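*Asks:* The primary structure of each chain is shown beneath.
4 protein chains.
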Amino acid sequence: MQSNVSPEHIERVIAEITRMGCTPHLSAGRFKTIIGAVGEEANLDQSHLASLDGVENVVPVMKPYKLASRDFSPDDSIVSVGGGLTRKILIGGAHAAVISGPCAVENEEMLRRIAVLVKDAGATILRGGAFKPRTSPYSFQGHGEDALRWMRSCGDDLAMPICTEVMDTRQVELIERYTDMFQIGARNMQNFDLLREVGKTRKPVLLKRGLAATVKDWLLSAEYILSMGNRGVILCERGIKTFEDSIRYSLDITSISVAQHLSHLPIIVDPSHCAGVRQHVPSVALAGIAAGAHGVIIEVHYRPSEAQCDGPQAMLPESFAELILKLRQIGDVVGKSFGDTQQPASTAAGGKSGLWGATVE
Amino acid sequence: MQSNVSPEHIERVIAEITRMGCTPHLSAGRFKTIIGAVGEEANLDQSHLASLDGVENVVPVMKPYKLASRDFSPDDSIVSVGGGLTRKILIGGAHAAVISGPCAVENEEMLRRIAVLVKDAGATILRGGAFKPRTSPYSFQGHGEDALRWMRSCGDDLAMPICTEVMDTRQVELIERYTDMFQIGARNMQNFDLLREVGKTRKPVLLKRGLAATVKDWLLSAEYILSMGNRGVILCERGIKTFEDSIRYSLDITSISVAQHLSHLPIIVDPSHCAGVRQHVPSVALAGIAAGAHGVIIEVHYRPSEAQCDGPQAMLPESFAELILKLRQIGDVVGKSFGDTQQPASTAAGGKSGLWGATVE
Amino acid sequence: MQSNVSPEHIERVIAEITRMGCTPHLSAGRFKTIIGAVGEEANLDQSHLASLDGVENVVPVMKPYKLASRDFSPDDSIVSVGGGLTRKILIGGAHAAVISGPCAVENEEMLRRIAVLVKDAGATILRGGAFKPRTSPYSFQGHGEDALRWMRSCGDDLAMPICTEVMDTRQVELIERYTDMFQIGARNMQNFDLLREVGKTRKPVLLKRGLAATVKDWLLSAEYILSMGNRGVILCERGIKTFEDSIRYSLDITSISVAQHLSHLPIIVDPSHCAGVRQHVPSVALAGIAAGAHGVIIEVHYRPSEAQCDGPQAMLPESFAELILKLRQIGDVVGKSFGDTQQPASTAAGGKSGLWGATVE
Amino acid sequence: MQSNVSPEHIERVIAEITRMGCTPHLSAGRFKTIIGAVGEEANLDQSHLASLDGVENVVPVMKPYKLASRDFSPDDSIVSVGGGLTRKILIGGAHAAVISGPCAVENEEMLRRIAVLVKDAGATILRGGAFKPRTSPYSFQGHGEDALRWMRSCGDDLAMPICTEVMDTRQVELIERYTDMFQIGARNMQNFDLLREVGKTRKPVLLKRGLAATVKDWLLSAEYILSMGNRGVILCERGIKTFEDSIRYSLDITSISVAQHLSHLPIIVDPSHCAGVRQHVPSVALAGIAAGAHGVIIEVHYRPSEAQCDGPQAMLPESFAELILKLRQIGDVVGKSFGDTQQPASTAAGGKSGLWGATVE
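For the record, the sequence lines run as chains A, B, C and D. Heads up: the first sequence begins at 2 in this note's numbering, then just goes up one per residue. Heads up: the second sequence begins at 2 in this note's numbering, then just goes up one per residue. Heads up: the third sequence begins at 2 in this note's numbering, then just goes up one per residue. Heads up: the fourth sequence begins at 2 in this note's numbering, then just goes up one per residue.
Keep in mind that the hints were calculated from the coordinates and are not lab data. There could be a bad hint or two in this list.
No copy is singled out in the list; a pair is fine if it fits within one copy or between any two copies.
[Stated by the list, open to error] Only pairs whose alpha carbons sit at most 25 Å apart, straight line, appear in this in silico SDA-like list of lysine to any residue:
1) Lys-64 - His-26
2) Lys-89 - Ser-78
3) Lys-242 - Asn-58
4) Lys-201 - Ser-140
5) Lys-201 - Arg-178
6) Lys-120 - Gly-340
7) Lys-64 - Ser-74
8) Lys-64 - Ser-140
9) Lys-217 - Glu-57
10) Lys-120 - Ala-95
11) Lys-64 - Ser-4
Note that the structure is predicted; figures quoted are calculated from it, not measured.
The shape of chain A in the complex, shown without the other chains (with noise of 0.2 Å):
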């Protein structure tokens, strides 16, 4: 309350507490009266508190999210990317994985390409873009529906999941019919539309940060997705908005730490993405990894001066097998495994109708 409140706005704000179903709890001290409310915050109309005369301020000392939290699962979740077709690959406690791939789909051939090289240098985990976010409406778009079509075909032959991005609410049960696992870009972090139809699918869903959002509004909207049944939500960090300009995002290393605290979802990086350019990306990638990550997502191109998208950040086949090389050896000192994936099931039980869906175990 403020310092100079009067006895009537002290029992206004009890009669309010009481009347949304909690507890008042009254410390009236020399200098300042604090009022405790205890109760099911959904009862609790903190707006309206905080509107009434004579309160200074109201701090929740309740997490907003409930299903994110680690409260609600002390243990790690884990989640289960693919089946069917392809090997099942796990996320989560003590499984890293690298995921891979272009940063746009942009033909067949490319991408087969590129599959095959990031898989034989380690990766598990097939990406590529088929619709992009483009901050200008003059730059490439991506190839939409053939793009997936080409992501499923050459993630079947090769046995590896496939995780592409949704930007739109009518785009998700298209693309649900393709991936294994969706992505929500940074700038749709707070989409809570997008968030609540991929929610209500079964598929595991990559949540980047958004460029300027606190670990806590990431929580809620993976809130969002879990609230709707959907457990099988993989956190991804891949850099903030800072006053840096060398560089195109500050990846916010603290962040690994702080999201295991308040919360048991697995949480990956993407140093592409934040690096902008190759350079600094096996840096960025390796403090991932000790910081205590569930694996990275990283852009691999065979001649990145000739991509479509991104080129820049783009890895080359070689160097990219050589930090998984790293990866792996500081995962051994940290206590991640990139290793534990599951084989496939028979390709008969198989079939693109929904056995790789999402699984948390």
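Chain A is already provided as a structure; the job is to place chains B, C and D on it using the hints.
*Replies:* Leaving out everything else, chains B, C and D in the frame of chain A:
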């Protein structure tokens, strides 16, 4: 180019610029070699150039937006909002507007009551939320089409154009049937599919600035709308994230002058969402008009402590009326008129079927 | 306390609060236990409490500054600058001032020429840099004591109080002999030794806000000065770092209202350093006064392209004079007077020896 | 140049560039005219050019720092800390160090106890605060020269070089007599007088990055020290301000790679001040070494709940010892050795008089 660049690398860059249909200009100095490229920007693949060996940095000297640029249209754009059964309100140039109403439309009665109050105080456009973006999935999400119907009926009865937020591409068609102006929220400023969908309509769009977006990012988002043929874009500065923790967001007052140097589009300020609490709203609103903005959007409630959403930031009707008097006085000093409205066309000729579309004068 | 806290941990916290001479208040809820501590904040070691087992978070509810707080002095402070051979200029409450002059004092002739121009336009305090903080060691660093001497002589001749920046504890004594008001730059806002040294003098201090400081940080820095007995602190909002890259800094207009709610100290705005280029200066200056600031500090030069420092942001004398007319008109709307100055005391009674010290009314 | 630039304006710019002793290069395109200036940067007044009529933007393509730049010294600098009665510790290139100790030196006994613990765990340099920068004037400010004396005596007895913070130009001479390495805190990174004073000494300087500084700002501050002849600068990344509110600061892990591309100077990380609580320290420390840093600085206390300053962030001795084992293992993966120290020279030849000065190999 890098300091130690070889002649082969320089030749390669010159060849690539030529291949793209542009003209290279070489400046070879003692310490640095700079290669200019003059021609159609759309032909020039900056990512490609940046990824060539020996290139240190690619600096664009043309603005990436065209239709939104002051170069494209040296005179201020004036956007007309409403028509049909409502007045037509002009925003831009010397014309300023006061947009006001409740945060969320809670029921028809409260809406009408607030609409009458804000109209009497001097507001010219009615705002109200039918679909609400909420960071938490457990918060009130709005009354949807019912709220739209109440808004339309209330606006028509008071001859006030209405404005409401659209959050999802699937809502565009529905909302277009009811509203006089779309609002795109800060969190959707880079929801590119949504920008394109409202760009296909002919209703004006109030485009809020993203919480961490630069003015250039914002103008690129405006460009998405403009490039689809909808020229009725009004920018809305609503505060950006900063380290200041005593207020919800910091209104970037410098963006008013910056946006007007870079672009011909009208710009208004939203002091309510930036302030978060009503005590800071008047100071920020007055500053916005003094800085040259074309209007304000302010939330008002006759009993804020009962509002379902953002009660603490809603102004009380009396202080709102006092504020408008001062806004008009400051408008007189800086050459902005709040009074230039046009009477609605004869009700006979009107109807809800589309006459209140966007026209840019 | 943490969710799974044990009774032993709770007892330990209660015991520690008691040991510190404060009174503990226990609120044990179904989900969370909260322990309030009421008493002298200075006795309460928050770090210690935060490090005890079972403690999740320590939330201070008292403000950490006292003398700078609105609670300490409910009325606006009014600071008097100058005296002796100059007028006494009041800043605070309903009194606003225009502080103007060149960025750096380059020589006596240019200083006099600019001083006469800004005085004729309506400025009441003369500013000029004798020691310049420069991010690069290779930039011009100022003329030191020569510049101080020129400033003092010019101020006395025009009866204008003068203001100049102090950067180092070793300069305080020297500058105190010449100036009527110290300026502390943004980069020194948390140079605590320097704050203490100017706090020991009795000349007013213009305290610029740090580039990434919160209003609370700023008031804590003011507290350093106030706690040494110098009550003449004037806050100066000069823009903060944001992601906006079309302007040097973003003036935080919301800080005007926020600072005046939290503190009784006067506050002025510096549109020149925030804008970096003169074209944005008028918009920001007008906004500052409309928002409730007690004045502006603006750089002026008759030939900016020849200035040794920050030429692009210096206004030309004619547009500066036009701006002041509008500032006065806006002052009339919001209740700020730019004209309340006192005539200098008889020159016989004056002299340079210290009569123009700071007094707070 | 601006789009509508006149030939006269272009000629004026060309004439001015020539007058400054540089060579102009004109690129006149269909849409834009670009004028390059090649020559000595020190001769070129960018502010002046920016303020000429018709100039849209001045883009520097040379780096503003020289001695700190990788161009100046392509090989990594290796700084030697200590000597005389202590070991000489190398930092830079393949040499990494662990700097540790209490936050503030509270008394001689606690200092010795912690020093022995951290040395046994593997730390090679002893840190401790004698003068403390505190945001509040009411907080504990350090024991001054007594603390320096205890540090020196303790370092000599354990053969560990010592490091302590300097906050004010007036303290430089005193601290130089005792310490083996100066520390410049984040809030003083742009206290240019202080940088110059430590630049005049020959003791190495640990230069912390400012809370909102870019890597370029930081290197410019290093340039201040280097330009006075002191080549022993070690950068220290200690976290920057971001919007994340679950941790005190966000360590900018990308700055490790960025700084090493731009500069030859060694760089270490400070996970304690960034994390603010000990639970996040190990994750951030491991990430720093994996990213390529040349060491860590970590606060340790045997009984953190009794520390006078920053107790919550101090690690316990046992977990600190475990962390060092992992840091060494990660060092092995990325090519950093923590073991390369040199035995102290014979005590006879030593003495406190200056033999432990900074040498750069």
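*Asks:* Does each hint hold? Answer for all of them.
*Replies:* Hints, one by one, checked against the model:
Within a single copy, Lys-64 and His-26 get their C-alpha atoms as close as 20 Å, and across copies as close as 22 Å, so both meet the 25 Å cut-off. For the homomeric pair Lys-89 and Ser-78, the shortest alpha-carbon distance inside one copy (15 Å) is at most 25 Å, but the shortest distance between copies (47 Å) is not. Taking identical chains as interchangeable, the C-alpha atoms of Lys-242 and Asn-58 lie at most 25 Å apart only when they sit on different chains, with a minimum of 20 Å there against 29 Å within one chain. In this assembly of identical chains, the alpha carbons of Lys-201 and Ser-140 lie at most 25 Å apart only when taken from different copies (19 Å versus 31 Å within one copy).
For a Cα distance limit of 25 Å, the shortest separation of Lys-201 from Arg-178 inside one copy, 14 Å, qualifies, whereas the shortest one across copies, 28 Å, does not. When the C-alpha separation of Lys-120 and Gly-340 is checked against a cutoff of 25 Å, the pair qualifies only within one copy, where the shortest distance is 13 Å, while the shortest distance between copies is 38 Å. When the C-alpha separation of Lys-64 and Ser-74 is checked against a cutoff of 25 Å, the pair qualifies only within one copy, where the shortest distance is 14 Å, while the shortest distance between copies is 37 Å. Taking the shortest Cα distances, Lys-64 and Ser-140 sit within 25 Å of each other only across copies (14 Å), while inside one copy they are farther apart (40 Å).
In this assembly of identical chains, the alpha carbons of Lys-217 and Glu-57 lie at most 25 Å apart whether taken from the same copy (23 Å) or from different copies (16 Å). In this homomeric assembly, Lys-120 and Ala-95 come within 25 Å of each other (Cα to Cα) only inside a single copy, at 21 Å, whereas the closest approach across copies is 32 Å. In the homo-oligomer, the alpha carbons of Lys-64 and Ser-4 lie at most 25 Å apart only across protomers (11 Å), although the nearest pairing inside one protomer, at 27 Å, exceeds that limit.
Of the numbered hints stated above, none is contradicted by the structure.
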